[in-house]
Amino acid sequence: MADHNDPNAVNSIFSDIDVSAADLYDLFGFPSDDTTGGEKVVIALTFASVPEAGVFDTDMLYRIQISAEPRVARPAKDDHSLKALLRYFDTLKDKYLGPLKASEIRVTVDQANRATVKFIDFPGGSFSTVVETNKVLTIDSPGGHSIKTFIGGRDDAFFNDLTGFFRSINYAPQFYYVPHTMADSRELKIPKTLLELEGNDLFNFDPNNPDWGYQGVKGRSSDGFKKDLPPGPLTWTGDRFRKDGNGNYRFVYSGFDCQNGKNINAIILEIPLGFITKSPGHDRIVNTWGESWVLKAANKIETIPDHPFWLEHPMVLLDAIKLDAELKKYKLVDTDGQPFADAALSEREDNRQLGANNFWLAPHFIKRLAHLGWGFGPSISALGLQTSFDHDNSPVSVHKTYSLVTEAFPRVKKTLFQELNMPDDSWNKSGLNIPLRSPLEIFVPNVCAIDMDTTGTWPFGRRLEDQVATRFLSMFLDMEADFNGKKYHLELLNDQSLWDHAPIEPKTPPNPLKNDKEFLDHFPYLAEPWS
Amino acid sequence: MTPKTDKRTDFEIELQRIDKDISELKDSVLTAPIDTEKATRFVYRFYQRASLTGNFAELEAAETAVNNAIRQGIGPAADLYLLKANLDFKFHRLADVRRDLEMGPGLADSFPGRALEADLDFQEGRYEDARKGYESVILDDRTWDNLARLAYLKAKMGDVAGAEQLYDEAEDELTAKEMRSYAWVELQRGVLDLTHGRHEDAWTHYNQADRAYSGYWLVDEHIAELLGAQGRFAEAVALYEKLIVRIPRPEFRQALGELYTLLGEPEQARRSHEAALAAYLQSATSGGVHYYHHLADFYADVREDGAEAVKWARKDIELRANFSTQAALAWASYRDRRFAEALEMINRALSSGVKDARLFFQAAMIHRSAGGNGESNQYLQMAAEINPHYSNFHVHR
Chain P
1 MADHNDPNAV NSIFSDIDVS AADLYDLFGF PSDDTTGGEK VVIALTFASV PEAGVFDTDM
61 LYRIQISAEP RVARPAKDDH SLKALLRYFD TLKDKYLGPL KASEIRVTVD QANRATVKFI
121 DFPGGSFSTV VETNKVLTID SPGGHSIKTF IGGRDDAFFN DLTGFFRSIN YAPQFYYVPH
181 TMADSRELKI PKTLLELEGN DLFNFDPNNP DWGYQGVKGR SSDGFKKDLP PGPLTWTGDR
241 FRKDGNGNYR FVYSGFDCQN GKNINAIILE IPLGFITKSP GHDRIVNTWG ESWVLKAANK
301 IETIPDHPFW LEHPMVLLDA IKLDAELKKY KLVDTDGQPF ADAALSERED NRQLGANNFW
361 LAPHFIKRLA HLGWGFGPSI SALGLQTSFD HDNSPVSVHK TYSLVTEAFP RVKKTLFQEL
421 NMPDDSWNKS GLNIPLRSPL EIFVPNVCAI DMDTTGTWPF GRRLEDQVAT RFLSMFLDME
481 ADFNGKKYHL ELLNDQSLWD HAPIEPKTPP NPLKNDKEFL DHFPYLAEPW S
Chain E
532 MTPKTDKRTD FEIELQRIDK DISELKDSVL TAPIDTEKAT RFVYRFYQRA SLTGNFAELE
592 AAETAVNNAI RQGIGPAADL YLLKANLDFK FHRLADVRRD LEMGPGLADS FPGRALEADL
652 DFQEGRYEDA RKGYESVILD DRTWDNLARL AYLKAKMGDV AGAEQLYDEA EDELTAKEMR
712 SYAWVELQRG VLDLTHGRHE DAWTHYNQAD RAYSGYWLVD EHIAELLGAQ GRFAEAVALY
772 EKLIVRIPRP EFRQALGELY TLLGEPEQAR RSHEAALAAY LQSATSGGVH YYHHLADFYA
832 DVREDGAEAV KWARKDIELR ANFSTQAALA WASYRDRRFA EALEMINRAL SSGVKDARLF
892 FQAAMIHRSA GGNGESNQYL QMAAEINPHY SNFHVHR
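Chains as they are written, first to last, in my numbering: chain P, 1 to 531; chain E, 532 to 928.
It is worth saying that the hints were derived from the structure and are not from the lab.
Where is the CB? At the ideal position from N, CA and C, for every residue including glycine.
Watch out, some of these pointers could steer you wrong.
Unchecked claim - Calculated pairs, DSS-like style, for lysine-lysine (alpha carbon to alpha carbon, straight line, at most 25 Å):
| no. | chain 1 | residue 1 | chain 2 | residue 2 |
| --- | --- | --- | --- | --- |
| 1 | P | K329 | E | K708 |
| 2 | E | K551 | P | K226 |
| 3 | P | K278 | P | K118 |
| 4 | P | K226 | E | K557 |
| 5 | P | K328 | E | K708 |
Unchecked claim - Have a look at the derived ranges for each label pair, beta carbon to beta carbon:
| no. | chain 1 | residue 1 | chain 2 | residue 2 | range |
| --- | --- | --- | --- | --- | --- |
| 6 | P | S403 | E | E849 | 45 to 53 Å |
| 7 | P | D110 | E | E543 | 23 to 31 Å |
| 8 | E | S554 | P | D110 | 31 to 39 Å |
| 9 | E | S554 | P | D244 | 41 to 49 Å |
| 10 | P | T235 | E | P564 | 21 to 29 Å |
| 11 | E | P564 | P | D110 | 39 to 47 Å |
The whole structure should be built from the sequences, with the hints applied where relevant.
Okay, here's the thing in C-alpha cells:
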C-alpha cells in the first residue's frame with residue numbers, strides 16, 4: 001500500500017491489554033500441618049484463569065523456584081545505617097547470584113490440558129512427569145518422595161478491597177478510562193493516603209455513584225463503571241484531610257472483598273522438605289518465588305506435539321542442557337514472591353519483574369517506601385496512631401518523590417529496620433528463638449521465605465487466611481507504640497475495636513477479614529472454584 | 532498457528548474475532564450513555580479490520596468513524612487522533628499527520644507519537660533526525676515495532692547487518708500472542724533478502740511468515756513477487772490472480788500486468804494494466820494522494836509516458852521529498868528526456884545515503900544519458916554488488 005515501513009500496517013497501535021494467563025496473582029507458602037512421613041511445605045502459585053478456570057493457556061510456562069537455607073543473618077540491631085543496609089544487599093546479591101542455586105518446578109500444559117511437570121535440580125536429581133489437571137494427584141519422585149499436586153482451577157484465595165487500595169494510591173485506570181497515549185497518567189501526582197483528601201474529587205468516594213471503580217466486582221448493586229478522565233489538571237491542591245459534619249475522616253477503604261466470587265488457576269504442591277534439601281534439620285527456611293513465561297513467537301512455530309516417548313514413559317530424567325534450551329524459547333513476563341512487592345513497591349513496571357534477583361531495586365525500594373510513607377504516615381498520625389515513618393508531623397499526606405536514596409533513607413529508616421510484632425505467639429509453633437522480621441528482610445529479595453519452625457503466617461511465609469494487604473499497611477505503624485496496653489502488631493489494623501473508636505467512616509478494617517469461601521483443611525487447601 | 536482441529540486460517544479467525552467484537556460493541560456507541568472505552572475500542576476495531584483486510588474502502592470507512600468520534604467528542608481525543616494520524620500516514624497525507632499529532636493532547640510526546648514523528652522525518656527526508664527519533668523512543672519504549680522501524684532505516688542506508696540484528700531483536704520481543712506481527716517482521720526480513728538477491732533466504736522467511744500466521748494475503752503477495760523475481764512467471768500470475776479476487780488492489784493488477792508481459796501475453800497484460808490505471812486515476816480524481824507514486828511509476832515504466840510520469844511524480848514530491856520520490860521524479864524526467872533535471876534529482880536521491888540496487892540502476896541510466904559513462908558503470912557495478920538480480924521482476928513498495 002505504501003512505499004514506507006509501516007509496522008502499524010499490522011494494526012498494533014493499541015495493544016490489547018486483556019487479562020492474561022501470565023498475570024501472576026499470589027504465591028502462598030507455609031509448612032503443612034500434615035507431618036506424616038516428615039515435614040512438608042505447601043506452595044501455591046495462583047494466576048489469572050485464562051482461558052478459563054481449570055483450562056490452561058498452552059503458550060505459558062510457569063516456574064516455581066525453591067531454595068532452602070538456614071535463617072539469614074541481617075544487619076546488627078544497632079547498625080541501622082545506609083552503609084549497613086547496602087552491605088546487607090550485597091550479601092544477598094552474592095548469595096543469590098553466586099553459590100545459591102535454586103531448584104525449580106516447571107509446568108506447561110498441552111492442548112489436551114495435560115500438565116508436564118518438571119522437577120529440576122533437586123537434591124535427588126531431576127525428573128519429569130505428565131499429569132492430569134484439576135485432580136489431586138501424588139507424584140512419586142525417583143528417590144521415593146511423594147509430592148501432592150493439584151494443577152487446576154480454584155476459588156481466588158485473595159480477599160481484598162482492591163478498589164480501596166487503588167483509591168489510596170490514586171491509581172487512575174481503576175476509576176478512569178486512561179488513554180493509551182497517556183501511559184504516565186496512571187498513579188496520579190496526588191498524595192497517597194489512607195484518608196480521603198479534602199477536595200480530591202478525582203478519587204474521593206462519590207455517594208451518588210457508590211459502585212464507581214468497582215467494575216467487574218461481584219456482590220455490588222451494579223456492574224461498576226469508570227469515568228472519562230477529565231482534561232486536567234490531574235492534581236490536588238488542598239491542604240487537609242476531608243472530614244464530615246461529625247468530624248470524622250473518610251476512609252479510602254471500605255472493607256469490601258473485590259475478589260468475591262472470582263476464580264483463578266493454580267499450581268499447588270505439598271512437597272516433603274526432605275525432597276527440597278538434604279539437610280531438613282538445618283535448612284529451616286524455604287525460599288520460593290514464582291514466574292510466568294510466555295512462548296516467544298518464533299518458537300511457537302517450532303512447537304510439535306509431545307514425543308510419544310514422553311507419554312508412554314512419563315518419568316524421564318531430564319537433560320539439563322535441554323531444559324535451558326527450553327527456557328530460551330520463552331519470555332519472562334511476571335514474578336511473584338511477596339504480596340505487594342510489585343504493585344506497591346515497584347509501581348508494576350514490567351521491567352522490574354525481577355523476583356528474587358531484585359537487589360538492584362534496593363535503592364528504588366527505599367525511595368518508593370519513602371514516597372508511600374509521606375502518604376500513609378500522616379494518615380496514620382491523623383487517626384491518633386503512631387507511625388514508623390518520619391513525616392515531620394505533617395498534618396496531611398504529601399506527594400513527594402526522591403531521586404536520592406541518601407535523602408529518602410533517614411525518613412524510612414525506622415520503617416525499614418523495625419521488627420514487625422506479631423499479635424501473639426501462635427505463629428512460633430516450635431517455641432524456638434526466632435527473630436521477628438523487618439520489612440527490609442521481607443521485601444528484598446522478593447521471595448516468600450517460609451520458616452518451617454513457624455506456622456508460616458505472613459511474613460514467615462504466607463498462609464491462605466492471612467490478610468496480607470492490611471498487614472502490609474502495618475509496616476507504617478510504629479511497632480514500639482502501645483495500643484490498649486499492648487505493642488502495635490501486624491494485626492492491629494484488622495482489629496475492629498480500633499476502628500470502632502477511631503474518628504473515621506466507615507468504621508471497618510480496610511480489607512475483608514476472611515475469604516469469600518471457606519478454605520479446605522486438607523490438600524489442595526484452596527476452595528473449589530465457583531461455577 | 533491454529534489448532535489442528537480448526538480448519539480456519541489464522542487470518543479468518545482473527546477477522547471473525549474482530550467482527551464479533553464490532554458487533555458486540557455496536558450498542559455501546561449507539562445507546563446513551565456512551566461508554567467511552569467501548570466506543571474507542573469500537574472505532575479501533577474498525578481500523579484494525581481495515582488494516583487487516585488491506586481494503587481501501589474499509590480504511591475510508593474507518594476514517595469516517597474516527598472523524599465522527601472526534602467530532603462528537605467520543606473517547607479520549609489523544610487516542611482518536613493517534614488513530615487518525617496513522618490513517619493519514621497510510622494515505623501519505625503527511626501534513627495531516629503532523630496536524631493530528633498536535634491536536635491530540637499530549638500525543639506528540641507519547642511513545643507512539645514520537646515514533647510517528649520519526650516516521651515523518653524519514654518520509655520527509657530527514658534521515659538523521661529519523662534515526663535519532665527511533666533510537667530515542669526505543670530507549671524509552673523498546674517495542675518490536677520501534678525496533679522494526681529502525682531496522683528498515685538501517686536497511687535502506689545499507690547497514691544490512693544492523694538491520695538484521697534489529698529485526699532479530701524485534702522478533703525476540705514478540706510472543707506467541709502476536710503471531711501476525713511476527714509474520715510481518717518475517718516478511719520484512721524476506722524483503723531484505725530479496726532486495727539483496729538472496730532468494731532462498733527470502734523463501735525461508737516468507738515460509739516462516741506463512742506458518743506463523745496462515746491465510747494472510749500479505750504473505751501471498753510477497754511470495755508472488757518472489758516467484759516473479761525467480762522467473763517463475765506462471766506461478767506468480769496464478770498467485771496474483773487468486774490474490775486479486777480477495778484483495779482487488781490496483782498495484783496488484785499492475786504487477787500482474789507486468790508478469791503477463793513477461794509471459795508474452797500482451798492482451799492479458801493490457802487488461803490488467805488498464806484496470807490498474809483506472810483505479811489509480813479514480814483514487815486521484817476523488818482526492819486521494821496515496822497512488823501518486825504508483826502513477827509516476829506506472830507512466831514511467833509501463834506506458835513509458837515521461838510527461839505523465841513527471842506530472843504525478845511532482846505531485847508526490849510536493850507531499851514528501853525523500854529519496855524515493857526524488858528517484859521517481861528523476862526516473863520520470865529521464866523517461867521524458869529531461870536529462871539535466873533527471874540528473875539533478877537523482878543526485879539528490881543519492882545524497883540521502885540510501886543504498887539500493889534499483890536506485891543505483893536508475894542513477895546509472897541517467898548518468899549515461901547525461902554522458903557520464905564512467906559514473907554510469909560505477910553505479911551499475913554498485914547495483915550488482917547489492918543485488919545481482921536487480922533487473923528481475925519486482926514490485927514497487
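Status of each hint after checking the structure:
1. K329(P) x K708(E): holds, 14 Å
2. K551(E) x K226(P): Holds - the C-alpha atoms of K226(P) and K551(E) are around 24 Å apart, at most 25 Å.
3. K278(P) x K118(P): holds, 19 Å
4. K226(P) x K557(E): holds, 19 Å
5. K328(P) x K708(E): With a Cα-Cα distance of about 17 Å, the restraint between K328(P) and K708(E) holds, given a limit of 25 Å.
6. S403(P) x E849(E): 45 to 53 Å: holds, 48 Å
7. D110(P) x E543(E): 23 to 31 Å: holds, 24 Å
8. S554(E) x D110(P): 31 to 39 Å: holds, 32 Å
9. S554(E) x D244(P): 41 to 49 Å: At roughly 47 Å between Cβ atoms, D244(P) and S554(E) fall inside 41 to 49 Å, so the hint holds.
10. T235(P) x P564(E): 21 to 29 Å: holds, 27 Å
11. P564(E) x D110(P): 39 to 47 Å: holds, 45 Å
This entry satisfies every hint, going by the numbered hints stated previously.
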